[in-house]
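S.K.: Here is how the chains run, residue by residue.
There are 6 protein chains.
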Amino acid sequence: APSCRSSRFNVPPSALLVARPVGVCSMMRLPMQASAEGLDAAFVGVPLDTGTSNRPGARFGPRQIRAESAMVRRYNGSTGAAPFDSLRVADIGDVNVNLYNLPDSCRLIRESYQEILASGCVPLTLGGDHTITYPILQALAAKHGAVGLVHVDAHTDTGDTALGESIYHGSPFRHAVEEGLLDCGRVVQIGIRGSSYDPEPHKYCREQGFRVVPAEECWMKSLEPLMREVRAQMGDKPVYISFDIDGLDPAYAPGTGTPEIAGLTPAQ
Amino acid sequence: APSCRSSRFNVPPSALLVARPVGVCSMMRLPMQASAEGLDAAFVGVPLDTGTSNRPGARFGPRQIRAESAMVRRYNGSTGAAPFDSLRVADIGDVNVNLYNLPDSCRLIRESYQEILASGCVPLTLGGDHTITYPILQALAAKHGAVGLVHVDAHTDTGDTALGESIYHGSPFRHAVEEGLLDCGRVVQIGIRGSSYDPEPHKYCREQGFRVVPAEECWMKSLEPLMREVRAQMGDKPVYISFDIDGLDPAYAPGTGTPEIAGLTPAQ
Amino acid sequence: APSCRSSRFNVPPSALLVARPVGVCSMMRLPMQASAEGLDAAFVGVPLDTGTSNRPGARFGPRQIRAESAMVRRYNGSTGAAPFDSLRVADIGDVNVNLYNLPDSCRLIRESYQEILASGCVPLTLGGDHTITYPILQALAAKHGAVGLVHVDAHTDTGDTALGESIYHGSPFRHAVEEGLLDCGRVVQIGIRGSSYDPEPHKYCREQGFRVVPAEECWMKSLEPLMREVRAQMGDKPVYISFDIDGLDPAYAPGTGTPEIAGLTPAQ
Amino acid sequence: APSCRSSRFNVPPSALLVARPVGVCSMMRLPMQASAEGLDAAFVGVPLDTGTSNRPGARFGPRQIRAESAMVRRYNGSTGAAPFDSLRVADIGDVNVNLYNLPDSCRLIRESYQEILASGCVPLTLGGDHTITYPILQALAAKHGAVGLVHVDAHTDTGDTALGESIYHGSPFRHAVEEGLLDCGRVVQIGIRGSSYDPEPHKYCREQGFRVVPAEECWMKSLEPLMREVRAQMGDKPVYISFDIDGLDPAYAPGTGTPEIAGLTPAQ
Amino acid sequence: APSCRSSRFNVPPSALLVARPVGVCSMMRLPMQASAEGLDAAFVGVPLDTGTSNRPGARFGPRQIRAESAMVRRYNGSTGAAPFDSLRVADIGDVNVNLYNLPDSCRLIRESYQEILASGCVPLTLGGDHTITYPILQALAAKHGAVGLVHVDAHTDTGDTALGESIYHGSPFRHAVEEGLLDCGRVVQIGIRGSSYDPEPHKYCREQGFRVVPAEECWMKSLEPLMREVRAQMGDKPVYISFDIDGLDPAYAPGTGTPEIAGLTPAQ
Amino acid sequence: APSCRSSRFNVPPSALLVARPVGVCSMMRLPMQASAEGLDAAFVGVPLDTGTSNRPGARFGPRQIRAESAMVRRYNGSTGAAPFDSLRVADIGDVNVNLYNLPDSCRLIRESYQEILASGCVPLTLGGDHTITYPILQALAAKHGAVGLVHVDAHTDTGDTALGESIYHGSPFRHAVEEGLLDCGRVVQIGIRGSSYDPEPHKYCREQGFRVVPAEECWMKSLEPLMREVRAQMGDKPVYISFDIDGLDPAYAPGTGTPEIAGLTPAQ
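Chains A, B, C, D, E and F, in that order, give the protein sequences.
Read left to right, the first sequence gives residues 1 to 268 (this note's numbering).
Read left to right, the second sequence gives residues 1001 to 1268 (this note's numbering).
Read left to right, the third sequence gives residues 2001 to 2268 (this note's numbering).
Read left to right, the fourth sequence gives residues 3001 to 3268 (this note's numbering).
Read left to right, the fifth sequence gives residues 4001 to 4268 (this note's numbering).
Read left to right, the sixth sequence gives residues 5001 to 5268 (this note's numbering).
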């Protein structure tokens, strides 16, 4: 098996040396490791979709993201990002979820993330429907206190109960607010759009102090000015980044479960 | 809108009179009705897949079965079956399931079926993953006592707990046995196959008195002799027929969630 | 079956109360009704594609639009639109078309729309290839006189005969002009593009007084200024809106039958 | 361009000499020729699907059959068939159909086939929905008188009017009977199945003297005995072979427009 | 991460304990290991398809086989096979192939297999197009001498040069014969069919002493008698089993690159 | 067969006269011709994908481009382009490639293009992976000397060896530089993006004097100013235009083998 470590850091193996279809698919074909011990950052899969209200399938999200990630190389020549030059990163596999019981899956996720965070490692999550962000934020806040949030999504995911349940993919940030997991003045939600059950769909978010940036404020614009404002808003305290693939326009990610037209572009 | 009733019975509208793509898709394009009142038999959808252990998607089963059913005509010329000549049949829509809570979905299904059965109507279910058979059998047994069962499937679905849960798509008949919903001497399971967690996979079923007909006993054979035996086994007491699409070979139904090779054919 | 009416108006059932996969798919899961009687607006399907010159399939357009519409909620929080607060809307099913005879299908559509319009209801059509707009305009003009037209499309659809026939998906607006169904000074065609049989493809349209807005005038621009001009052009007289899905770039709607690259975006 | 002629006969080019993806796709990558002049047999496409009652798409049938035919080699080692050793065969392209007018398409097909037959060439048709067999039989009978028919199909295609039309994909053999194009005692229909509008679906056929072999008589059997009987039935007078892809089980040809389960297998 | 070892043997983790979508996809979700050291048998991927003459894609074969293998459980209840009770099995990843140079890929495969065989482990290969069997047989014969061969395929793969090359997916067994890698009296080829370049397609094979069992000798029959004969033919000397997915009928495996109709069934 | 020639020029047949699905698919359904003799420009297919590092399939590129090209008409009304009014254009089929040997395929391509160029015809290539540009440039430079290059792509394709090989789809322009086939001051590469193996991914290109326009410089902008600069850069000496479909964002061409997000749009 070809080596994919250079000095003390792991690097995605170059397709110049290892053919792209080669290898059991870890994220970016990085080495796999049983725990987060000794890592600066770790890819973790959370293969769950039983919290979704429309098309399921995100349970296979981690598997497919890993498969497609065989294309990713170690440097970003445009931005100069070179994460693998200074961070030890690996893929530590998936959380074992309970497909038949959402609250129990949340418990399993929370416990797994507490263990990852205890080792000092930063988790990079491959989802999974958005329900999973609730237990992840629980684990983060237990360590760091209330965190800031950069949230890219078509939906605010601050819903109340649905079909009689409080835990599902539309409510993680409502729970997070109610349990004090978010530093609400440092929350921004970007790309929000779509029809709503309420004539004032962002009222709850704004009452909490969130900044809501609807998709229509992003159309046909560079988001660099917004990103500068977001950086100022976040300051230098802990921040969680939550990216829902439906934040993008469905043209770029047609497989998403709850598509909303007129979304963000990859360039943004 | 073209009529699809003849005298006192409903009939699927003929494609000679109503073009096949025409109409909001009810089952066989039969009339839709809010309740089972006054019907001999009713198609009911149970759009649930949160009990599945592998590929989800069966929540859209009722929708797709209805769409494809636009091809079905009122007579079966080969067998002489002419159900619409003597039975009043309609589509009564779907049970409203709780996508985020399996036990609660089971309650909703059971209550809906109790209501359907109270009206004297025979329910014809469009699933949905196999979890739904458990509450359906509860409703049936509450009315008829323990019932016989003709069960076509790749799996016996008599599993114990999975991922810590007792309710999921692998266990409905275990629950049915435990709650006395089945007349165990009048149970036959046909098409069973696939690898197993146990070296003696049919032991539990046979201990209950079920007849298990593995797929290999069906290969390349007419099942008419078996069907005669099954009719004798069932006698003239109430019987429930449960057909899991994975009983068929995946060549005939590739979209099934837990495919097992070497299954039954549609002719069988 | 869960209720989807509030006071005297129908509303799309909330997915917080009725699971998205539940129900026989009417448009937005609104109530179904046999006729347009008593409605302010009605969704009507016209499942026809025998007028198409390239890829067929639009006969299943109404069925698929209804299926996907299960995602749509009652309010548009961005624009403030709340149609279901003041209009009684239902789905009245499909026109029964003659798949084998285009002129006869046109007659069937025209007659159905005359009946719908007679009840004072506004039809909201789910197509179907663009041929169907010709008989719809006949019915509209019979009631309202020549109407204005906002037409979003890749093609002007003002062609002369094709393969010897005058009725097909490329000619509805030619017929409409010739029969005086359009108030030609109040016609705008937006998103027009693609190669042509004629070096001056918009000559006919401009000679009639239509405003033609080619796609290249829309690229990477907000269309709000254009929309203001269109509103002024239309004035307060009756207007028909005809939206051909191929007006959008094929990235957003790849299934369209006659795709042309470099089209409009959903945000536009 | 590599040669694909050997002596005076054309042969499909060997993939050992010409790579399979190479070449503008004619049938079996045979030479193309503008007319049937000088050929023993000619492949002809009839890209029409406006006669179909359910899923369209067969208009692209000739194109796809040609693309997939790049796999076919010149000999059949099992049967010993070596058609290209003694017959001059080419692809003469498609009949130009009128997509918007079925009766006119029938006229165009009939005229094209009269021309092909006048040259003494045997046409091998790539369809197209089954409507096209009607004008082909007209052309054949004009030359040969009433012909025998070996017809493999899920449906007898002897329907009366549909949606008010007499010409569509369900009626070609009804027209053929009525116009005396068939030698009815030498007609066999194999693989017939599916639900029906009539409790006695084969009555019309049998009254004409056709032999009808329902699919259930073919299940899990070699059809060699039947083929011997068919050869005897046909004798040595002219016979037309009409193979509808839905004669096969949909597992083998899922794209067919009007699928019926439990059909024939390719081996049969 | 959940354990998947029991005592000294590895076992596929039960989906009752570890949810099916969980985990980086090794074969049957078995443990992964860098080398074959200490194993009785090892799954090895050879992700190569540059030897194919028609549709490529088999380079992703190992990845997809691993993904689908998440369904496989540890016992075969029908046959009593319980391989994981007595053999230590793991997934040792893929051979690093040279996508741009077939002979060099053959060298890389041969060398990898020599290493695997040196450790005393039996390789279980996930392909890849059939070219790869040539270097695998070279490695095997270097250790065991000429081996017997049970070869299930639509094609004999004993071709001579193609497009001027001797190494491609149609020739591995020609090379094997020429280099003395096969014990030709102990070779059986099953499921052979399809059109051919030669009127006597099996002549070469039979001249070498191979038994060729064409598909037509297998149709609608149990293959148990044949299997008994094959066991007798093989005796107790080393045998290689080579299973080309196109041995099956394309209904069961439509993605294969060179499909031939009327093949074997999974039950066979 | 309908005529598609007007006076001395060929023109794509109008879909008003010849139905779109009709005809064996040449490019734009233009006449086919065995050689380039007498043509101003010729479409040539190069159906090769064995140089690709990720998803193969481009070997069927020429076939699919031809199939989709049935939509293209003779004029571009927006730009006024009317190529068929003054140029004699035909489809001359495909180069016969060696699927199993990349360097030999390069030789075959080079020789074919030398022959085409010798006749004075301009080749318009339908690929095929990007490896094929290397032998094409060899043939061009042999006739015209070093040429300018307008190269639209996600990648610069100036890589050194990969998997030990120098010829593959990532290196054609490296070879071109080394063999003096390019007039390096007249090279522009547009749309370049994606992660890289090197922190300075464009260094080599810029050292050769290429202009590199990364995708981020194109985002949400008209490229007309750039096109004016490119025209000035190219001057009036010979220029080759090489368009890799992955230059576009994958939303517009999802089937490409090595997709990179955030690419160009068709309008650009």
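Think of the hints as simulated: they come from the structure by calculation, not from any bench.
Glycine included, C-beta positions come from ideal geometry on N, C-alpha and C.
Hints may contain errors.
[To be verified] Chain C regions said to be covered by chain D (calculated; three or more residues, Cβ under 8 angstroms):
hint, region
1, 2025-2031
2, 2056-2064
3, 2133-2141
4, 2162-2174
[To be verified] Distance ranges between label pairs, derived from CB positions:
hint, chain 1, residue 1, chain 2, residue 2, range
5, D, S3035, C, P2199, 32 to 40 angstroms
6, D, S3035, F, G5209, 34 to 42 angstroms
7, E, E4217, D, R3231, 50 to 58 angstroms
8, D, D3160, B, E1037, 34 to 42 angstroms
9, A, G185, C, S2014, 45 to 53 angstroms
10, C, P2199, F, H5144, 25 to 33 angstroms
11, A, A82, C, S2086, 41 to 49 angstroms
12, D, A3118, F, A5082, 56 to 64 angstroms
13, A, E68, C, G2145, 34 to 42 angstroms
14, A, G120, E, V4122, 25 to 33 angstroms
S.K.: Hints first: check each against the structure and report whether it holds.
M.R.: Hint check results:
1. With 0 residues having a Cβ less than 8 angstroms from any Cβ of chain D, the region 2025-2031 of chain C misses the three-residue criterion, and the hint is violated.
2. For the region 2056-2064 of chain C, the assignment as covered by chain D holds, since 4 residues bring a beta-carbon within under 8 angstroms of that chain's beta-carbons and 3 suffice.
3. With 0 residues carrying a beta carbon less than 8 angstroms from a beta carbon of chain D, the region 2133-2141 of chain C misses the three-residue requirement, and the given coverage is violated.
4. Only residues whose beta carbon comes within less than 8 angstroms of a beta carbon in chain D count, and the region 2162-2174 of chain C has 6; three or more means the coverage holds.
5. As the Cβ distance of S3035 of chain D to P2199 of chain C is approximately 33 angstroms, the hint placing it in 32 to 40 angstroms holds.
6. S3035 of chain D and G5209 of chain F have their C-beta atoms about 56 angstroms apart, which leaves the hinted 34 to 42 angstroms range violated.
7. Remark: the range hint 50 to 58 angstroms for E4217 of chain E to R3231 of chain D is contradicted by a beta-carbon distance near 23 angstroms.
8. About 37 angstroms separates the C-beta atoms of D3160 of chain D and E1037 of chain B, a value consistent with the hinted range of 34 to 42 angstroms.
9. As the Cβ distance of G185 of chain A to S2014 of chain C is approximately 31 angstroms, the hint placing it in 45 to 53 angstroms is violated.
10. Remark: the range hint 25 to 33 angstroms for P2199 of chain C to H5144 of chain F is upheld by a beta-carbon distance near 32 angstroms.
11. Between A82 of chain A and S2086 of chain C the CB atoms are about 58 angstroms apart, so this pair departs from the stated range of 41 to 49 angstroms.
12. Hint check: A3118 of chain D to A5082 of chain F, Cβ distance near 40 angstroms, so the stated range 56 to 64 angstroms is violated.
13. Between E68 of chain A and G2145 of chain C the beta carbons are some 56 angstroms apart, a value that contradicts the proposed interval 34 to 42 angstroms.
14. Taken as a hint, the range 25 to 33 angstroms is violated for the pair G120 of chain A and V4122 of chain E, whose Cβ atoms sit roughly 43 angstroms apart.
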